[in-house]
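Protein sequence lines correspond, in order, to chains Z and F. Here the numbering used here is used: position 214 in the first sequence is 214, and no number is missing along the way. Here the numbering used here is used: position 363 in the second sequence is 363, and no number is missing along the way.
Hints were generated in silico from the structure; no laboratory data involved. Any given hint could turn out to be false.
Unchecked claim - Simulated DEER-style distance windows between Cβ atoms:
1) Q203/F x L42/Z: 53 to 59 Å
2) A190/F x G89/Z: 41 to 47 Å
3) L447/F x I92/Z: 54 to 60 Å
4) E209/F x A267/Z: 34 to 40 Å
5) Q203/F x N47/Z: 46 to 52 Å
6) S383/F x N47/Z: 49 to 55 Å
7) S72/F x L62/Z: 35 to 41 Å
What the hints assert, rightly or not - Mimicking PhoX-like on lysine-lysine, the simulated pairs with C-alpha atoms at most 20 Å apart in a straight line are:
8) K184/F x K268/F
9) K184/F x K321/F
10) K29/Z x K449/F
11) K449/F x K46/Z
Said to hold, decoys possible - Per the computed footprint, the stretches of chain Z lying under chain F, defined by three or more beta-carbons under 8 Å from a beta-carbon of chain F, are:
12) 25-35
13) 132-141
14) 223-237
Even for Gly, the Cβ is constructed at its ideal location relative to N, Cα and C.
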Amino acid sequence: MLFVAPSAIAIILMMVYPILQITGFSFSKITLPFFDMSFTGLDNFKNIFSKAEMGTIVKNTLIWTILSMVLRVVLGFAAAMVMESKFRGMKILRTCALIPWVIPSIVASNTWRWIYSADNGLLNTVLRMINPDLAANWLGSASTALTSVIIAYSWAGFPFIMLMLVAAMQGIPMDYKEAAKIDGANSLQVFRYITLPSLKQILTMLIVLEFINGINSFDMLYVMTGGGPGIASEVIGLTIYRYAFKNLDFATASTISFLIIIVMIIAFLFYVPASAKGRNKGDGAKRRGIRWKKN
Amino acid sequence: MKRMKKIGALLLALVMVLSMAAGCGSKAAESAEQPKDAAGTKSEAADDTKSEAADNTASTGEKTKITAWMGSWWESEVPRLKAGFEEKYPEYELTIECLPINNYIEAAVTSILGGNAPDALALDGLMVATPVGQNLLQPMDDFMSRYGWEQDQFSPGAMKNGIMNDTVYAVPYRTAPNAMFYNKTLFDKAGLPYPTDNMPLDQFLETAEKLTNASEGVYGYGIAGSKNDPANVITSLGCFLWSKGGDFLTEDMTASAMDTAESVEGVKFWSELYTKYKVVPEGCINYAISADLIPMAQNGQLAMVPIDAVSASSMDEYAKKNGFEWDMCVAPGTEDRAAAWLWTIPTGAKNVDGAEKFIDYFLQPEVLADQDVVMPAVIEAQSIGVWTDPLYEAFWRADANAKKFPPLTPQWNEIQNIVITGLQNVLQGAATPEDACKSMSDEINGLLK
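For reference, chain F alone in the conformation it holds in the complex (with noise of 0.2 Å):
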């Protein structure tokens, strides 16, 4: 009995083996056959999804089927666009797919891997680079020549988000920049002018330590070290890092640019708003903007805080519930992240033709204009509409003064990673930012040797 046993377990091992080696074999053959860039990848798929569409519908007289994937917030946009859509390409069904932002590229990579990808993709303008360098996304620059579309009609610094190594992998739907929202009535109970746009850094600084009240459970301002919400600690930090002169890779992004003196000041200059100064509240480390330190500034706890044009949307119901008033200017410093949502077309995308034509249809400034969830990135739609509207007027004059973004570079997710994880050692005092800066880049350097 355990002789068979043994010859079992060793048959069982043998075939495992070269079932590997098998793997490794085949894989190894088909990928010298395979196109190895983006973009060879690309023009053959379109080319043949394409003519598979075509086909497909020619002989069938069926209506082609094409999926677009947004975030959860554009559920009550979807009718509309749907019909919208179908009634201009009636040879085409849509269907859109609304997925909460929880996991939301996780799910996204997962699908196009797993050769289920959706045609049309929307991406958060942090979500695009790795992607991009693991051949995920498509290039888009024939796309914005066939349908005419030209980089001076978005919003700048949206459409930075989506430009790597000179070529389009992404196109702007939505700029996302961030205002600086403060509570009046606590500006007036210590007697202290408002703030302005651009306020200079040491002036931001005395005013929320004036307006902070930790006894009373009231900060001066606040900051976001979640490691669940990287993209909110990189806009709670870039706004220092930058008007410091500080940044996250040089220019050429081939080295780490977290240990220049700017960037030391620059991270210092955010973490001793919560080491030294304690301005900002206590569980900031773990805290992301629009999970716990928005819920604050509605509950008339924060005395100014970064804060996004949807959230800016429902301050008033807060305000008049806590009995405060409230206002919005651009954020402090010189320099200010640019975010965008943007629409990218995945690597093994069923109907690119269709998505191509989604995608243009929805950036039409008449249709891009017709909702009230998201800022448009398209400028011609900045002035139609709601988007006049004076709520929005500060976040205008944010989105002109959000030019700087983090670098565009396969390894951004990783990087991302090295510096929240640096920056929460500096925060909870286990690194000085000094220190932490200095194995931020040497972790960063070795990364992208």
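One chain only, chain Z, in its complex shape (with noise of 0.2 Å):
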């Protein structure tokens, strides 16, 4: 206990007083360059409740962090599975897949940018050559925008998904599946029945951190559209980012931030019970399998 002490203390302070200063600065008016603080109490909330923008960007966020969680869970699960499967070639097919999650964001956002760019990109190029109706003002129009970045976020972020899931695939015990073979179950069932409730627990964890992720991401709606057009493709980040560094207004930037951590603790209260279930179901599922093979 003693030996810990000291990195918990630091951990703990690390944690805190960000937390402590974000919790202060939202209360109050912040004067630069000092940060000195007069207590406002809820002023900074209702100004950020009475801004006309924050329910696009409230809506926007909660789209981005959803669609980009389920697209990533898909994406990486099926990626997973194709790469538990016992095919020649699999580890280098591996090894390309992590490819796009090694790739620095800021490279990977012009890459997608030039992608999507609207004269001379790769993408109404090829389109064109199909049908040139095809082609589209991807990053500039406001009902693609939000999308076409979704769509490159969660391309550079399965890997990990997948990488996570495979090695979750690979603890699960043979004996488990062929026991259900040998019960009649098929490929399905296997997957249905033993697969799917042994990975709930990661399944669970991943939802979660994606969805923080998702929350916080920021880089590549930043260089690929900026939040526009309009505010199209505005999420919370960027809006923080906005108040606090072009604006230099810290306390609204600190009030939507202290905003995010509740809602952020919100989800943790609802992460712990559900990955605790997990466990326990886990633990069960461990039972039935034993059985299974005694039978």
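Make the complex out of the two chains shown on their own, each in a separate frame, by following the hints.
Right, dumping it as structure tokens:
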């Protein structure tokens, strides 16, 4: 306990101090350059909720977070299933599949910006060859900008999900699957009743992580659209950045951050019981597995 | 166990509340004792740092370190500047850090707020107003008088970029007017006469229409609407907005002028190049001049586009490769944006004296003209060395023509975002120019209240 104490204190301080500061800023007027605070009660919150843009930004953030989370998990799951198969050359394929994840996000963002470019972009060039009507202004139209970046963001992030799921899949004892097959289960049933339940815990964790990642994400949208056109692709991360570093309005930026922290805490409160439940059910599955083997 | 957890949680909450209250109290108390205006902060800080630096040098005999931040395009000039300055002032050790333009101002602000401000900081004219409003930059009137600089020694438009409320906060070293590039080969092909300085807007539109051949990916002109490069958007809109008699704010900067008939007319002209006449590339809404339009011009896809001196200096190479001839003239319309880069001294700079010496050295005509990176803002330097090259003739004419600039108000960054968001809404057809200008004005007026 004594050995762990210094690092535990350091970690707690690193976590608690910024939260305390954000909390303080949220209820204050900030004067730069010394960050002088004068208490203003709920004024910052009133100010934020009175901004017409906030409704669209919250909606965009929810669409961004949920869609990208679903897409990343689905893509990652599908890729993990492929990687788990025993084809030749799978090791090379697995390495290749990791490329999107290891490319620096600024490089990936610029590459996708070029792919989506309306005039000389790769996507439109290909689409024009098929049918000129298929070409579109992907990043310049409110109806496609956010979705286009979600696709790029999901491409960049799915290998992480894949990697975690492949590792988890390899941890499922072969006995379970063999026992189920002896019992007459087909591949789909093995997946439904053995693979999926065994991955429930890691999936819950990945979904929560992706939710947090989604809300915190910023770089790809910043580079590819800057939140535009209009505010069609502006998410909360971009708004915080805009207020803090462009307008130098740290009170508003902190207030939005404070609200995000509250949302995160609520999400986490859902996650903890869910993961605990998953653990308990996992134990149950193990017990059932052993019983199958005996049969 | 549950009881213990509850007690623990309550204690943690109590600690958080107490820390917050303590934080508010102590900061508020400190703030009451601190000077509120930038000038007050400067004089005290400057005196402190000067005496501190002098004491250190005297007592230890070591060189005093000074740091300057500039754009990454200055990288090749750093050894010359460092050697020249340290030769003139051997008591100093100069470090010039060249940073990329992406997030340049954000990095600078973070550094100033974190107590690691550079001693001298180069800023684009559009980056000056908001930090001044937040007391992050020191006034430089004293510097001007101490080193014998007069405002009329600088390009007038560039100089105005650094003056707020009759106080000089930034001293220009670079004037950055845009000329208008035109592709002579495309003009010849269309059988059109080459454009001339300050071409009337109606004639400009007619010419752009005749030059556009969208099916071949060739467009008459290029406008920038990207949120990632707001300066480019303001440059792109500026010449049309001001030429139509519009402006961003009223003259006294207390209210928006975006909903005046003239401003609406300017926004309408600019946006209709895209929405109605389709004489600009399809992706313009998300394009910047430097990152997207200039490469299209280099590729022979744009007949006319605003161009800066750096891009112009490499255009011959692309013209030869892609088989076209080109030239430049002053932008269409009667007005254009006076853009500049300027030296500033941040609040909290550790060595104000050294920073002033460095800025003065940098501005000396023979030092400033001895580079081919940016156009010098010091008038005397403009007739030295490469700056008399015929390539820059159109730019010097553009410099004389560029007299307008966005309002120097602390809220400029927010105003800029409101304007660009509104413009993008017009370009994507989500609002008419009239509605967008009204909406921009309402938001800007709310901000200025």
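Subject >> List of violated hint numbers, smallest to largest >> reply: Going through the list in order, the structure violates hints 2, 4, 8 and respects the others.
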